[in-house]
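*Asks:* Heads up: the sequence shown begins at 1 in full-length UniProt numbering, then just goes up one per residue.
Note that these hints are calculated values from the structure, not bench results.
Each hint should be verified, as a subset may be incorrect.
As the list claims (entries may be wrong) - Distance ranges between label pairs, derived from CB positions:
id, residue 1, residue 2, range
1, Asn126, Glu43, 29 to 39 Å
2, Glu44, Thr72, 34 to 44 Å
3, Gly118, Lys75, 14 to 24 Å
4, Ala47, Ile100, 28 to 38 Å
5, Lys115, Tyr20, 17 to 27 Å
6, Ala123, Glu30, 28 to 38 Å
7, Glu44, Ile96, 20 to 30 Å
8, Glu43, Gly118, 34 to 44 Å
9, Glu62, Asp23, 18 to 28 Å
10, Lys81, Asn26, 33 to 43 Å
11, Ala130, Glu43, 36 to 46 Å
12, Glu62, Glu24, 22 to 32 Å
13, Glu18, Lys114, 25 to 35 Å
14, Glu5, Lys95, 20 to 30 Å
Claimed, not checked - In silico SDA-like links for lysine to any residue, alpha-carbon gap of 20 Å or less:
id, residue 1, residue 2
15, Lys114, Glu98
16, Lys114, Gln65
17, Lys115, Asp97
18, Lys81, Pro41
19, Lys131, Ile96
20, Lys95, Lys131
21, Lys12, Asn26
22, Lys12, Asp97
23, Lys75, Phe124
24, Lys12, Asp64
25, Lys131, Lys55
26, Lys131, Thr68
27, Lys55, Asp134
28, Lys95, Arg3
29, Lys12, Lys55
30, Lys75, Leu16
31, Lys95, Tyr48
32, Lys55, Gly73
33, Lys12, Ser2
34, Lys12, Val82
35, Lys103, Asp134
36, Lys114, Ile6
37, Lys114, Asp34
38, Lys12, Val104
From a predicted model like this one, the values you see are computed outputs, not experimental measurements.
From the three backbone atoms N, C-alpha and C, an ideal C-beta is built for every residue, glycine too.
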Amino acid sequence: MSRREIREHIFKLLFLLEFYNGDELNEQAERYLDEVEGAVPTEEEAAYIRERFHKIEAQITELDQILTGAATGWKPSRMSKVDLAILRLAVYEMKIDEEIPVKVAINEAVELAKKFGGDDSPAFVNGVLAKLAD
Numbered sequence: 001m002s003r004r005e006i007r008e009h010i011f012k013l014l015f016l017l018e019f020y021n022g023d024e025l026n027e028q029a030e031r032y033l034d035e036v037e038g039a040v041p042t043e044e045e046a047a048y049i050r051e052r053f054h055k056i057e058a059q060i061t062e063l064d065q066i067l068t069g070a071a072t073g074w075k076p077s078r079m080s081k082v083d084l085a086i087l088r089l090a091v092y093e094m095k096i097d098e099e100i101p102v103k104v105a106i107n108e109a110v111e112l113a114k115k116f117g118g119d120d121s122p123a124f125v126n127g128v129l130a131k132l133a134d
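Please construct the entire structure, taking both the sequences and the accompanying hints into account.
*Replies:* Next up, the structure:
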């Protein structure tokens, strides 16, 4: 499974944060991983996806504070749920995960926005992340 596919699975799990919490969130995350269509992650990949998801989940408050500072006039509560999940993942990759170059994190976030977001999502995501990259 490619890094892009793994990132997409993490994004989809982060999207669940807007609808579930606690044990129900964990149950839905496991259900998602059990029922993945297309390229099914190996046990090792699924473990990586789970670990990454939970690391990001644990940092949501910090990530949202960073987003609030970068997205002038846009609080996380006003952002589309898709854009918010993409931005949380990208900010985590840019600010916390030292393995992923900033340009790669931005590019991958824009690609996710093109695939899952609305018409304005790629430009919005790129604009917010460009502010953080400076």
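*Asks:* Provide an ascending list of the numbers of those earlier hints which the structure does not satisfy.
*Replies:* 4, 10, 13, 15, 16, 17, 18, 25, 27, 32, 37
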